[in-house]
Every structure is written in structure tokens, then in C-alpha cells.
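2 protein chains.
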Amino acid sequence: MKLTDRSVADLLAGFRSSEPTPGGGSAAALAGAVGASLLAMVAGLPKPRAATEEDLERLGAAGRRCAELSESLAALVDRDSEAYDTVVHAFKLPKSTDAEKATRSLRIQQAMQAATDTPLDVMRACSDAIEQAAVVAAFGNPNASSDVGVGLELLGAGLRGARLNVEINLGSLKDAELVTRARNESARLAMEAETGIAAARGKLGGQE
Amino acid sequence: MKLTDRSVADLLAGFRSSEPTPGGGSAAALAGAVGASLLAMVAGLPKPRAATEEDLERLGAAGRRCAELSESLAALVDRDSEAYDTVVHAFKLPKSTDAEKATRSLRIQQAMQAATDTPLDVMRACSDAIEQAAVVAAFGNPNASSDVGVGLELLGAGLRGARLNVEINLGSLKDAELVTRARNESARLAMEAETGIAAARGKLGGQE
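From first to last, the protein sequence lines are chains A and B. Residues 20 to 227 in this note's numbering are what the first sequence lists, from first letter to last. Residues 20 to 227 in this note's numbering are what the second sequence lists, from first letter to last.
Bound-form chain A, shown alone (with noise of 0.2 Å):
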């Protein structure tokens, strides 16, 4: 059964059980996936701020993204959970011959990219909601400044919470050049979150 399928009360005991999953990763999914929703549901109130046309498409295209992030970022609440079975399962295997070390070798690095890809994933998808943001903040009914709010601090602990991972998985990566890749991107969206969140609270007015 799907994480995203099971209830929230259900999903809770999975994240406090000792079983290795639901973790962080996926934990960290699910805030950015709550604070891309509240963003969407901002950009879709009535009596928008937004004063022209122009203003008024833009926030409808910034709420139909934050929709569409959320459905993804809920998807990688799975996803990560899967992406570290593997990684747990790539262990197990046997390792008594030369020929089974070097498998198991090559499907531990398998899991262990697919455990990075999916984190970064989840910074790039909180990344984009944080960049929404700016325009739900701006335009959006400013009444519901407060839910905005709480978005951009979910979304701000998604982001973090999944580089967390995406560095603790990097450290048994032995591709070198995948290693820096991923930290260089991990580093740049960590940086433009923190600027992008700053840049959507200014839009509030009075709320900081």
C-alpha cells in the first residue's frame, strides 16, 4: 500500500516505528508536499490582490504549479521510502564469491544513486514552490498571508531536510564526478531557497 494511501494517524506510527521506513526523506517530501498545497489554496482563494489581468494569470499559473508540486512531492513521499528499501535490500545480498561482491557492489551504488536522485528531487520541487511563492505572496488574497507563511516555512524544511539526506547518501557514492554534481546543485538550491523564502516573505508586508 501507498504511503499517500494510508491515514495520517497511520502514516504518523510509520514515521515513530524502528522500521527503517517511512525516515526523514520521505518526511521531508511530505512538508514540502503540505506547503506547496497551502500555497496552491492562497492562489485560489477569492478576492486575490491581484489589481490587472496580467497579474490575476500569473496567479492562477503560480496556483495550477503549486498544485502540480504538490501531487509530485507526494509522489516522492513514496518514492524515497522505495528508493531506501533498495538500499537496504542491495546490502543483504550475498557476498561469498568474487563474482557476488562485485554485483552486490554494483547494486549498492545502483540503490544509493536512486537514494540521492530522489532527495534532490524533492529540493528541486520545494525549490520551484518557493519560487511560486513570491507571486502567491504578492497576489494572492491577503487574508490568507499567514497560510503563505506557514508554506514557505514547510517548504523551507522539506528543502533542508531532504539535502540532509541527499548529503548523507552522497558520502557512500564512489562515482566522483556524479558526487559533485549533485553537491554543487544541492549547495545552489539550498542557497536560493533561503533568498527565494526571504524574497516571498517581503511580499507579505507586515507579516515578518
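What the hints contain is simulated information worked out from the structure, not anything from laboratory work. Among the clues, some could well be false.
[To be verified] According to the in silico footprint, chain A covers these stretches of chain B (three or more CB under 8 Å from chain A):
(1) 40-54
(2) 57-63
(3) 161-170
(4) 179-191
[Claimed, not checked] Simulated DEER-style distance windows between Cβ atoms:
(5) B:S124 x A:R83: 36 to 44 Å
(6) A:G221 x B:F110: 29 to 37 Å
(7) A:E73 x B:M210: 36 to 44 Å
(8) B:R202 x A:L112: 51 to 59 Å
We put the CB at the ideal spot given by N, CA and C, even for glycine.
Put chain B on the given structure of chain A with help from the hints.
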């Protein structure tokens, strides 16, 4: 149906929708619930770093407390939406006669007080879990340090998100003493949380 009995996918759709609830207040409580759950998970993992019997006991106690806080925060997901629905309901009360106006005004104040108490309770619970995080970070299984890191991100986001809801509702409260008390507590909890998060991160070692 309770929000936490709904599936995760369904709750996300609820956050995306333009219905007044669930909104940012419930989202903040949910972030805190997931964060506390991750800490409870790490506290229960085998191979803790705790060396002495006393440290192991402290870790166990912190884990049990985080599990309780996760349940309390899950209940606050629902309570926040109920409190907001009560506010919306109070604003819709008739106001044709003086008696009706007085009743409506009283009900709005009562509802606003509950709508302020609820995110304040979310802040208190997140703050308590952040205190436990120092013990989990110091004595939990070091391989799960990214889970502690994600937990801290989510608890910070939950607490700061709840604070936005406290502040916005305080604006509608007329009891000046109550407003001052709530505002002071909210500011103190927010400040202590940042110190507590930094302290817990410091104990993770090499994570920051």
C-alpha cells in the same frame, strides 16, 4: 471524519482546496507531529550512542515523550481546524438587534481565544519535542542523524508556522492582558526554539 483518519493524499487535497479548513494552523501541527515522530523513531533504534545505563534511560524517556507529543500534535491538527470553523460560525451569527450583536461579539471573542490557544499549544508541544531532541541527538544511533536533522527542521517549521497563527488571531482579541500574555509566551517559545534547535544540532556532530 477526523482529519488524521483521512488518507494523506486526501488531506493534501484538503490543504489545496479553497475551503477554509484545513489551513496553515493544521499544517503547522502536522509538521510538528511528523518531527516528533522521527525523534521517537531514532530514540527507539538499536545501537544507540548512549554508553551508560543512565544515558540509556534518558534516551528512552525522551523517546516516550516524543511519541506522546506526536499524538498530542496529531490531535491538534484536528483541533486547529475545529477552532477555525467555530470562528467562521461565530462571524455568521445574526446581528440585527443589540442583544444579537452582544451575543455575536462574545462568541467571536470566545472563538478567537480558542483559535489562539490552539496554535499556542502547538508551539508548546514543538518546544517540548525540541528539548528532547538534544537527548536523542546525543545518545541515539548516530546512523540516524539525518532523521534527527529532518525532525528538527519540521519541529522548527511547525513552531514558527503556529506562531504566525497565534499572531494573526491575537489581532482580533480584545482582552489586552490575554494578548500580552500570549504574545510574550509566543515570543519566548520562538526564541528558545532557535537556541534548542542549534544546541541539538551541535550534539549531532558533523551534521552542521
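Checked hints:
Against chain A, the stretch 40-54 of chain B contributes 10 residues with a C-beta closer than 8 Å to a partner C-beta. That satisfies the three-residue criterion, and the hint holds. Coverage of the stretch 57-63 of chain B by chain A holds [criterion: at least 3 residues with CB-CB distance below 8 Å; count 4]. Coverage of the stretch 161-170 of chain B by chain A holds in this model, with 7 residues showing a Cβ closer than 8 Å to a Cβ of that chain against a need of three. With a cut-off of 8 Å between beta carbons, the stretch 179-191 of chain B has 6 residues touching chain A; three or more are needed, and the interface restraint holds.
Against the hinted window of 36 to 44 Å, the Cβ-Cβ separation of S124 of chain B and R83 of chain A comes to about 40 Å, which satisfies the hint. Distance hint check for G221 of chain A and F110 of chain B: the Cβ-Cβ separation is about 30 Å, which falls inside the suggested range of 29 to 37 Å. The hinted window of 36 to 44 Å between E73 of chain A and M210 of chain B holds, with their beta carbons roughly 42 Å apart. For R202 of chain B paired with L112 of chain A, a C-beta distance near 58 Å keeps the hint of 51 to 59 Å intact.
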